[in-house]
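Number of protein chains: 2
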Amino acid sequence: MTPDELDELDRTESPPVEEEREQFDEDNRLKAEFVDAVTQALDDGDDTRVYELVEPLHPADIADLFELLERDERAPLAKAISDLMTGDVIAELNDHVREDMVEALPPEAVAEIADQLDTDDAVQLIEDLEPEDQAAILAEMEPEGRAAVESALSYPEETAGRLMQRDLVAVPEHMSVGDLIDYLRDNSNLTTEFWEVFIVDPQHKPVGTCQLSWILRTPRAIPLTDVMKRDQTLIPVTMDQEEVALQFQKYALISAAVVDEAGRLVGQLTVDDIVHIIQEEADEDVMLLSGAGDGDINEPIREAYAARVRWLIANMLTAALASTIIATFEDTIAKMVALATLMPIVAGIGGNAGTQTLAVTVRALATNQLTASNAWRAVRREMGIALLNGATVSVVIGSVVTVLFHNPLLGLVIALAMLTNIFIAGLAGVFVPLTLERFKVDPAISSSIFVTMTTDSMGFLAFLGLATISGLVS
Amino acid sequence: MTPDELDELDRTESPPVEEEREQFDEDNRLKAEFVDAVTQALDDGDDTRVYELVEPLHPADIADLFELLERDERAPLAKAISDLMTGDVIAELNDHVREDMVEALPPEAVAEIADQLDTDDAVQLIEDLEPEDQAAILAEMEPEGRAAVESALSYPEETAGRLMQRDLVAVPEHMSVGDLIDYLRDNSNLTTEFWEVFIVDPQHKPVGTCQLSWILRTPRAIPLTDVMKRDQTLIPVTMDQEEVALQFQKYALISAAVVDEAGRLVGQLTVDDIVHIIQEEADEDVMLLSGAGDGDINEPIREAYAARVRWLIANMLTAALASTIIATFEDTIAKMVALATLMPIVAGIGGNAGTQTLAVTVRALATNQLTASNAWRAVRREMGIALLNGATVSVVIGSVVTVLFHNPLLGLVIALAMLTNIFIAGLAGVFVPLTLERFKVDPAISSSIFVTMTTDSMGFLAFLGLATISGLVS
Chain A
1 MTPDELDELD RTESPPVEEE REQFDEDNRL KAEFVDAVTQ ALDDGDDTRV YELVEPLHPA
61 DIADLFELLE RDERAPLAKA ISDLMTGDVI AELNDHVRED MVEALPPEAV AEIADQLDTD
121 DAVQLIEDLE PEDQAAILAE MEPEGRAAVE SALSYPEETA GRLMQRDLVA VPEHMSVGDL
181 IDYLRDNSNL TTEFWEVFIV DPQHKPVGTC QLSWILRTPR AIPLTDVMKR DQTLIPVTMD
241 QEEVALQFQK YALISAAVVD EAGRLVGQLT VDDIVHIIQE EADEDVMLLS GAGDGDINEP
301 IREAYAARVR WLIANMLTAA LASTIIATFE DTIAKMVALA TLMPIVAGIG GNAGTQTLAV
361 TVRALATNQL TASNAWRAVR REMGIALLNG ATVSVVIGSV VTVLFHNPLL GLVIALAMLT
421 NIFIAGLAGV FVPLTLERFK VDPAISSSIF VTMTTDSMGF LAFLGLATIS GLVS
Chain B
1 MTPDELDELD RTESPPVEEE REQFDEDNRL KAEFVDAVTQ ALDDGDDTRV YELVEPLHPA
61 DIADLFELLE RDERAPLAKA ISDLMTGDVI AELNDHVRED MVEALPPEAV AEIADQLDTD
121 DAVQLIEDLE PEDQAAILAE MEPEGRAAVE SALSYPEETA GRLMQRDLVA VPEHMSVGDL
181 IDYLRDNSNL TTEFWEVFIV DPQHKPVGTC QLSWILRTPR AIPLTDVMKR DQTLIPVTMD
241 QEEVALQFQK YALISAAVVD EAGRLVGQLT VDDIVHIIQE EADEDVMLLS GAGDGDINEP
301 IREAYAARVR WLIANMLTAA LASTIIATFE DTIAKMVALA TLMPIVAGIG GNAGTQTLAV
361 TVRALATNQL TASNAWRAVR REMGIALLNG ATVSVVIGSV VTVLFHNPLL GLVIALAMLT
421 NIFIAGLAGV FVPLTLERFK VDPAISSSIF VTMTTDSMGF LAFLGLATIS GLVS
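As you go down the protein sequences, you meet chains A and B in turn.
Using UniProt numbering, you'd call the opening residue of the first sequence number 1 and step up by one each time.
Using UniProt numbering, you'd call the opening residue of the second sequence number 1 and step up by one each time.
Note that these hints are calculated values from the structure, not bench results.
Where a beta carbon is used, it is the ideal one built from N, C-alpha and C, also for glycine.
Some hints could be false.
[To be verified] Think about it this way: if two alpha-carbon atoms lie no more than 30 Å apart in a straight line, the pair counts; the simulated DSBU-like pairs of lysine-lysine are:
(1) Lys-229/B - Lys-205/B
(2) Lys-31/A - Lys-250/B
(3) Lys-229/B - Lys-31/A
(4) Lys-79/A - Lys-79/B
(5) Lys-79/B - Lys-229/A
(6) Lys-250/B - Lys-205/B
(7) Lys-79/A - Lys-229/B
(8) Lys-205/A - Lys-31/B
(9) Lys-229/A - Lys-250/A
(10) Lys-79/B - Lys-31/B
(11) Lys-250/A - Lys-79/B
(12) Lys-440/B - Lys-229/A
(13) Lys-31/A - Lys-31/B
(14) Lys-250/A - Lys-440/A
(15) Lys-335/A - Lys-205/B
(16) Lys-250/A - Lys-250/B
(17) Lys-250/B - Lys-440/A
(18) Lys-31/A - Lys-440/B
(19) Lys-31/A - Lys-79/A
(20) Lys-229/B - Lys-250/B
(21) Lys-229/A - Lys-205/A
(22) Lys-31/B - Lys-250/A
(23) Lys-205/A - Lys-250/A
(24) Lys-79/B - Lys-250/B
[Stated by the list, open to error] Short derived list, chain A residues pointing at chain B, Cβ under 10 Å:
(25) Ile-215
(26) Tyr-305
(27) Ile-385
(28) Ile-397
(29) Ser-399
(30) Gly-465
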């Protein structure tokens, strides 16, 4: 490799060093003043000034800038900095913002961007488009890139096959460390994005792997088979991305080989693609538990509305059930209106207790910490906590109500109702997600509807029911 | 380096290849049958059988096994497989399980484990212990390890200084690629856990960085200064771990230099330590939003109880406020008990809508997607969604109530109350976390108390208030 060729090594730009980061606030976010300056320059039509401002930024920060701008300012910005609009910027954009921008471009322009990108980023660029738009873009791509993208698209969404890079370094078993270094130096078309070298047999099945630091620390004459590690984590091409992320996390992987059904090496995954998945999967659970749909602040209002209103309507049905229960006790309430004042406390605190247990259980299931082996321990644990919480809260509320209403029986009724409801909340919070998981339903999706329904209904039933049968009202 | 020395290279064990993973279920969790077999062997006192079963596992899976066992089975397991209890197993253990085991060991034994571990793992092992226990363990450690751990402990918790590795490869600017490779081969005491080589000036300040693949692909004669990338992400030693995780994610880093206040290189961070942080920080927000404390299923019951009951008591106070509002309308309710039946729907659906907005806003703030630049857009967006949701839900509930109760005015009252409450929920869901963030309070910690308080109170106030002034009851 000549020094000239060296310049072609793909050395992705990195952010400027700390002292030069005057565009950023103390939390490393782009300063509002900086964003305002860009907006001002765009409004003035001063593209030179826009370029000057944006040019020092890292591609990931340019992507952030697009997200921070209003929707109608994004196209003018893209125009003003067109030669900074590299694949890296596009790849770092939020899905919704990218989709919005891609839809505004002709297929040739999208194809040109896709050709610049790594396969996984190109796939992300077009995977959510309509089939005919996808086809139009693929038709305009270079043959090699197109083949890679088409092959990736042939795997189901959110699997290793969609995420993997086809470019990797794989060598036969007979090589020595020196042979490998010569091979790497002599082949200028190899990727530079690799952190381990895979050693494969003649059928291209992985037999071992070599971390680059081991190669660098080993004399040239040593055979690779003496340096390589034979045990390695192989990721099946159809593995779900959430599972891939758990494997990377658990085994502290930097990269990993992806194999097809026959066990042949077909690609590699690197951890920088996986960190996004870890974040996404955890965020997804927060959003699912609260019924917030996609939960992305860049999601179009119409889509966010559609996702959230469904959840509210579902919750309205469960609230209607609770109402029906209250309605059966109308006579009791008519005799003692104070019950209407107090009943939301019993239902509400039960709901809170249920949500606590639910959040713990759902995340433990999602991270494989909770399995069939320790499910009973988890149930026992939640029952223990529920009893302690129930006892404490009951004593507090029972005492306060007794004093404020000068009515010890009312105090006793609310205390018993509260204890009952917090205990039931604990049971529902752990059994509902365990049951959904057993039936292969994602517990994050619908658990909280069932748990809230239980705590609402049982709260009103326990409180009004006890009030009725205790002879409190008569 | 001789072939003998090669064996000393730290080649951490990896999990066995797919076909041999018969201990695992389809989601790569340890099978219940396998865990039962270990428990059975432990009960039988058959340590040889236990060892046979556990020996093929990767350290991370041995750690999982400990977590899946009952608490009183863990010490016998540790005894049965004592020579498999490497630092890697200890490092992978859940915090609570590790703490529990460490507390049962004498300081010399803990010191021996700590000496085996990387600095960051050793720090994790002892950072949560009482100061006197820490001191006792440190006193028993080897001088070198002790110095590194003491230095790490001198940085605040959850900062880069606590997480970083002191072992790294840093070389002066005058070296060529060949010099570097010779240096790496000749110094057998260097770490093998490095993914880039840092180039430093005589003051030990980073001037550039070289990804290992670039070094391997470059001829020996080329100076490092021609291969290195000058711009790099420098992590200040006091940076908060959440911020570190965001930097790694945003700039797709595999490792990064950590610098002290004078800008000198003092350590490195690698992404495999950071993926845990990403997961932890996202999980923390789920748990904080639902008041579930630490949210770890291995947390002792007593600690989980203490965290959760605080939240329930806080929520009881907000529920008491809602009760007070209901109480002021007792006359209205006495005249029309159906109001008591319907009022929880208005409060409950408002609460759901508020939680949706809150979840979206809190995560957008935590991931730096929401900043001062786009805060107003986020507010406008949430108001738009709230109006759409409110309109839809109001029409549904208003129509149903009109028909079921044969009372159009009651239908109108509940529809207007619902619209008002969902709109207020949207405002609270976005303004509460934005305000807390502005005052440097973590919005995940207390937002949901304020939002629930608002939606409960306003739900009852709007519904009962409108019922009173509309002349519905008279």
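Structure-based check of each hint:
1. Lys-229/B - Lys-205/B: 15 Å, holds
2. Lys-31/A - Lys-250/B: Measuring from Cα to Cα gives roughly 17 Å; hence the hint holds.
3. Lys-229/B - Lys-31/A: Holds, at about 26 Å.
4. Lys-79/A - Lys-79/B: 67 Å, violated
5. Lys-79/B - Lys-229/A: 29 Å, holds
6. Lys-250/B - Lys-205/B: Within the cut-off at roughly 24 Å; holds.
7. Lys-79/A - Lys-229/B: 29 Å, holds
8. Lys-205/A - Lys-31/B: Judged against 30 Å, a Cα distance of about 27 Å means the pair holds.
9. Lys-229/A - Lys-250/A: Holds. Lys-229/A to Lys-250/A sits at ~18 Å (cutoff 30 Å).
10. Lys-79/B - Lys-31/B: 22 Å, holds
11. Lys-250/A - Lys-79/B: Distance of about 24 Å is within 30 Å: holds.
12. Lys-440/B - Lys-229/A: 48 Å, violated
13. Lys-31/A - Lys-31/B: Violated, because 51 Å separates the two Cα atoms, which is more than 30 Å.
14. Lys-250/A - Lys-440/A: Given that 30 Å is the threshold and the Cα spacing comes to 23 Å, the pair holds.
15. Lys-335/A - Lys-205/B: 79 Å, violated
16. Lys-250/A - Lys-250/B: 22 Å, holds
17. Lys-250/B - Lys-440/A: With a Cα-Cα distance of about 33 Å, the restraint between Lys-250/B and Lys-440/A is violated, given a limit of 30 Å.
18. Lys-31/A - Lys-440/B: At roughly 17 Å apart (the allowed maximum being 30 Å), Lys-440/B and Lys-31/A satisfy the hint.
19. Lys-31/A - Lys-79/A: 22 Å, holds
20. Lys-229/B - Lys-250/B: 18 Å, holds
21. Lys-229/A - Lys-205/A: 15 Å, holds
22. Lys-31/B - Lys-250/A: The given pair, whose Cα atoms are some 17 Å apart, holds under the 30 Å limit.
23. Lys-205/A - Lys-250/A: This hinted pair holds, its Cα atoms lying about 24 Å apart.
24. Lys-79/B - Lys-250/B: 44 Å, violated
25. Ile-215: 7 Å, holds
26. Tyr-305: 4 Å, holds
27. Ile-385: 5 Å, holds
28. Ile-397: This interface hint holds because 7 Å falls under the 10 Å limit.
29. Ser-399: Constraint on Ser-399/A not satisfied, violated at 12 Å.
30. Gly-465: 15 Å, violated
Violated hints, in rising order: 4, 12, 13, 15, 17, 24, 29, 30; the structure is consistent with all others.
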